[in-house]
Amino acid sequence: MEIKTTGVAGTLESSDIQVMLSKGDNGIEINLDSEVKKLYGDQIEAVIKTTLTSFGLTDAKVKAVDKGALDCVIKARTLAAAQRATKTTDKPALEVL
Amino acid sequence: MENKAARHIPETVLKSLALKPFSGVEIGQPEVNYVGHQVNITTGENKVVDSIADVIKKTLKDGMTISFHHHFRNGDYVFNKVMDQIIALGYRNLTLAPSSLTGVMNDKIIAAIKQGVITNITSSGMRGSLGDFISHGGLKQPVIFRSHGNRARSIEEGEIKIDVAFLGVPAADPAGNANGQTGKAVFGSLGYALMDAQYANHVVLLTDNIVDYPCTPASIKQTQVDYVVKVDEVGDPDKIGTGATRFTKDPKELKIAQMVNQVIVNSPYFKNGLSFQTGTGGAALAVSRYLRQSMLDQHVKASFALGGITKPTCDLMDEGLVDKVMDVQDFDKGSAASMAANSNHVEIDASWYADPHNKGAVVNNLDVAILSALQIDTKFNVNVMTGSDGVIRGAIGGHQDAANAKMTIITAPLVRGRNATIVPDVATVVTPGSSIDVVVTERGIAINPARQDLIAALTKVPGLNVVSIEALQQAAEARVGKPKPLAYTDQTVAVVEYRDGSVIDVIKAVKD
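Residue numbers (my numbering), protein chains in the order written: chain L, 1 to 97; chain V, 1001 to 1512.
In case anyone wonders, no lab produced these hints; they're calculated from the structure.
Only a predicted model underlies this, so the values are computations on that prediction, with no experimental measurement involved.
We treat Cβ as the ideally placed atom computed from N, Cα and C, and that holds for glycine.
Some hints could be false.
[Unchecked claim] Some chain V residues flagged as far from chain L (calculated, every beta-carbon gap over 10 Å):
1. V1032
2. H1037
3. G1103
4. T1119
5. K1221
6. T1248
7. Q1293
8. A1337
9. N1344
10. R1393
11. L1414
12. A1471
13. L1486
[Claimed, not checked] Listed below are the simulated EDC-like cross-link pairs for lysine to aspartate or glutamate, each with C-alpha atoms no more than 20 Å apart in a straight line:
14. V:K1484 <-> L:D25
15. L:K37 <-> V:D1132
16. V:K1484 <-> V:D1512
17. L:K67 <-> L:D90
18. L:K38 <-> V:E1477
19. L:K38 <-> V:D1389
20. V:K1482 <-> L:D71
21. L:K37 <-> V:D1512
22. V:K1484 <-> L:D71
23. V:K1482 <-> L:D42
24. L:K37 <-> V:D1389
25. L:K75 <-> V:E1477
26. V:K1484 <-> L:E45
27. V:K1252 <-> L:D16
28. V:K1484 <-> L:D42
29. V:K1484 <-> L:D33
30. L:K38 <-> V:D1132
31. V:K1249 <-> L:E13
32. V:K1252 <-> L:E13
33. V:K1108 <-> V:D1132
34. L:K67 <-> L:D42
35. L:K67 <-> V:E1477
36. V:K1511 <-> L:D33
37. L:K38 <-> V:D1512
38. V:K1482 <-> L:E35
39. V:K1359 <-> V:D1377
40. V:K1081 <-> V:D1236
Please model the entire structure based on the sequences and the hints provided.
See below:
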């Protein structure tokens, strides 16, 4: 799977997460900004990484701004951003979820 | 050592502050002595002066204790006006002992701490930048957090010895009679400030509205006042309280409010003569609406409502559903106006309200208290002081005091964003679980096992989902996951007292 453009999904509303994906060449690099980073930072990064890996991405730069989203929301936003970045939105990869 | 709330309290903290560990909620019948205060005798026909600085120079020395009230809340101009002068005059090592601290004071306090002007603080709570500053070790001496009732007790017993009280009022006469009900920046009850007026060595009123003698009702009396300082403005009326109170439309809050109402209506306390205290959150305000309907339907009248008062509570009195409103502070314009207009809306001071060491406070006569929480743990302990990140962002207020009610109900959503509200252990114990009876969340209600009578009465109510507190905690964790434990340093930045002055918990500096 190849990143063709910058893909964004999600909002900055409470309980949401905004995920922005762009081209990278050094594995999955996550820059996370979260109000619950101290408590759930590792967990959030793990969910993003697992979602991208199972979608088939191995290299990507991720900028995530979290407003207290639950794991299911993080997965959904990450997948949407990935499909937009890879221009594959015509084939929803729901099995990743 | 471990106290009765199972919290570790460092011996060094107990020793250096000469405090005892929390040993239970029972106050017993100890004999105590109240302290006196200095009186500078004057005939006092005219105490009006124009200069805050002159009054400060006449009354204040390095190392003294100063106090303020927080009845102006975020509309307060008095605190910053006075502190500007104190800082400019170069004072050092002062203890700040207000009834509580509001956001508009934060920057000034941080500046005063950095310059060595303020070196000790006792308060009901603090929020925002100041809470963050203290939680990162900004003040060397630990802050002492006291409930409103405990502050009254501490003043009476001399643990807080106020040298100069700077009290802003919207109306005062030249001799110092004053109230919070007339003028531009009205806030209603002066409840917390009445302690300062009664016990401080020097009482300085600040007002933008000097009225003809005698100013009545005289909540603060000329017998107590040394100076009346004329200032341009004491507060911003629009920021003192919220305007018209709107009822929440949040379905979660409405559901919680409905369940709280069912708990009250099906408890043994729902009968003529009922008394209650509600908070100010969305759910608490909605409770008064449901309770109103239940009282109308079942022909039940309440004898009094207590506490921080809002307009919906006053409306119940106007409708004849509540006989009296016992009011230590007002949260909105409507309730402040009600006090001025209705003799059944009674101003009470903090001691009468909630003091554990007097000959009986109103909280002891209270049937039902509805209170909120940042966190509740499986031992029913409540935290209203530190956020899920361990940073100070709250106030005890009257929480520990009102929890003295015959039935104390805590309302909270199961989770807030990604933070669980029902947790295995609260970050800070403020109100001990032994004084909490019922926890109401949108996912069900948990009843303290010590209250088998309530379990029996409420389990059979159709539609009330009574579950264990552990089940609520697990439901919360299933939704948000298990958080990483918070990291703290060894520095104690604050001590949380129980209402009798014992130490119920300490707050450590957060590691960032």
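How the hints compare with the structure:
1. Under the 10 Å C-beta cut-off, the non-interface status given to V1032 (chain V) relative to chain L holds; the minimum distance is some 43 Å.
2. With a cut of 10 Å on Cβ distances, H1037 (chain V) stays outside the contact zone with chain L, its closest approach being about 46 Å.
3. Look at G1103 (chain V): its CB is around 19 Å from the nearest CB on chain L, clear of 10 Å, so calling it non-interface holds up.
4. A cut-off of 10 Å between C-beta atoms confirms that T1119 (chain V) is not in contact with chain L; the least separation is 30 Å.
5. The claim that K1221 (chain V) is not at the interface with chain L holds, since no C-beta of that chain comes within 10 Å of its own (minimum 48 Å).
6. The beta carbon of T1248 (chain V) sits about 16 Å from the closest Cβ of chain L, which is more than 10 Å, so the claim that it is off the interface holds.
7. At roughly 31 Å from the closest C-beta of chain L, the C-beta of Q1293 (chain V) stays outside 10 Å, upholding its exclusion from the interface.
8. A1337 (chain V), annotated as away from the interface, keeps every beta carbon of chain L farther than 10 Å; the closest lies near 34 Å.
9. The Cβ of N1344 (chain V) lies farther than 10 Å from every Cβ of chain L, with a closest approach of about 41 Å, so its non-interface assignment holds.
10. Distance check for R1393 (chain V) against chain L: the nearest CB is about 12 Å away, which clears 10 Å, and the non-interface claim stands.
11. Listed as a non-interface residue, L1414 (chain V) keeps its Cβ farther than 10 Å from every Cβ of chain L; the least gap is roughly 12 Å.
12. At the 10 Å boundary, the C-beta of A1471 (chain V) stays outside the reach of chain L, the nearest C-beta of that chain being 20 Å off.
13. Look at L1486 (chain V): its CB is around 7 Å from the nearest CB on chain L, not clear of 10 Å, so calling it non-interface is violated.
14. Under the criterion of a C-alpha separation no larger than 20 Å, the hint pairing K1484 (chain V) with D25 (chain L) is inconsistent with the structure, at around 30 Å.
15. As the CA atoms of K37 (chain L) and D1132 (chain V) are separated by approximately 16 Å, the hinted pair is consistent with the 20 Å bound.
16. About 14 Å separates the Cα atoms of K1484 (chain V) and D1512 (chain V), which keeps this hinted pair within 20 Å; it holds.
17. Taken as a hint, the K67 (chain L) and D90 (chain L) pair is broken in the structure, with Cα atoms around 28 Å apart against an allowance of 20 Å.
18. As the CA atoms of K38 (chain L) and E1477 (chain V) are separated by approximately 17 Å, the hinted pair is consistent with the 20 Å bound.
19. For the hint linking K38 (chain L) to D1389 (chain V), the alpha-carbon distance of about 7 Å falls within 20 Å, and the restraint holds.
20. A hinted pair counts as satisfied when its Cα atoms are at most 20 Å apart, and K1482 (chain V) with D71 (chain L) qualifies at roughly 12 Å.
21. About 11 Å separates the Cα atoms of K37 (chain L) and D1512 (chain V), which keeps this hinted pair within 20 Å; it holds.
22. Proposed proximity of K1484 (chain V) and D71 (chain L) is supported: the alpha carbons are some 15 Å apart, at most 20 Å.
23. A threshold of 20 Å between alpha carbons decides the hint, and for K1482 (chain V) with D42 (chain L) the separation of about 11 Å falls inside it, so the pair holds.
24. Taking the CA atoms of K37 (chain L) and D1389 (chain V), the gap is about 9 Å. The hint holds against a cut of 20 Å.
25. Between K75 (chain L) and E1477 (chain V) the CA atoms are separated by roughly 18 Å; this keeps the pair inside 20 Å, and the hint holds.
26. Distance hint between K1484 (chain V) and E45 (chain L) is fulfilled; the C-alpha atoms sit about 14 Å from each other, no more than 20 Å.
27. Between K1252 (chain V) and D16 (chain L), the direct Cα distance comes to roughly 18 Å. Compliance with the 20 Å bound is thereby established for this hinted pair.
28. Between K1484 (chain V) and D42 (chain L) the CA atoms are separated by roughly 9 Å; this keeps the pair inside 20 Å, and the hint holds.
29. For the suggested pair K1484 (chain V) and D33 (chain L), the alpha carbons sit about 17 Å apart, so the restraint of at most 20 Å is met.
30. Only pairs whose Cα atoms come within 20 Å are accepted, and K38 (chain L) paired with D1132 (chain V) is accepted, the gap being roughly 15 Å.
31. A hinted pair counts as satisfied when its Cα atoms are at most 20 Å apart, and K1249 (chain V) with E13 (chain L) qualifies at roughly 18 Å.
32. For the hint linking K1252 (chain V) to E13 (chain L), the alpha-carbon distance of about 18 Å falls within 20 Å, and the restraint holds.
33. The hinted pair formed by K1108 (chain V) and D1132 (chain V) meets the criterion: a straight-line CA distance of about 14 Å does not exceed 20 Å.
34. Under the criterion of a C-alpha separation no larger than 20 Å, the hint pairing K67 (chain L) with D42 (chain L) is consistent with the structure, at around 15 Å.
35. In summary, the hint linking K67 (chain L) to E1477 (chain V) is supported, as the alpha carbons are separated by about 18 Å, within the 20 Å threshold.
36. Annotation: proposed proximity of K1511 (chain V) to D33 (chain L) holds, straight-line Cα distance about 18 Å (limit 20 Å).
37. A threshold of 20 Å between alpha carbons decides the hint, and for K38 (chain L) with D1512 (chain V) the separation of about 9 Å falls inside it, so the pair holds.
38. With a C-alpha separation of about 16 Å, the suggested pairing of K1482 (chain V) with E35 (chain L) holds against the 20 Å cut-off.
39. Restraint check for K1359 (chain V) and D1377 (chain V): not satisfied, since their Cα atoms lie roughly 33 Å apart, outside the 20 Å limit.
40. Taking the CA atoms of K1081 (chain V) and D1236 (chain V), the gap is near 13 Å; set against the 20 Å cutoff, the hint holds.
In summary, the numbered hints that this structure violates are 13, 14, 17 and 39.
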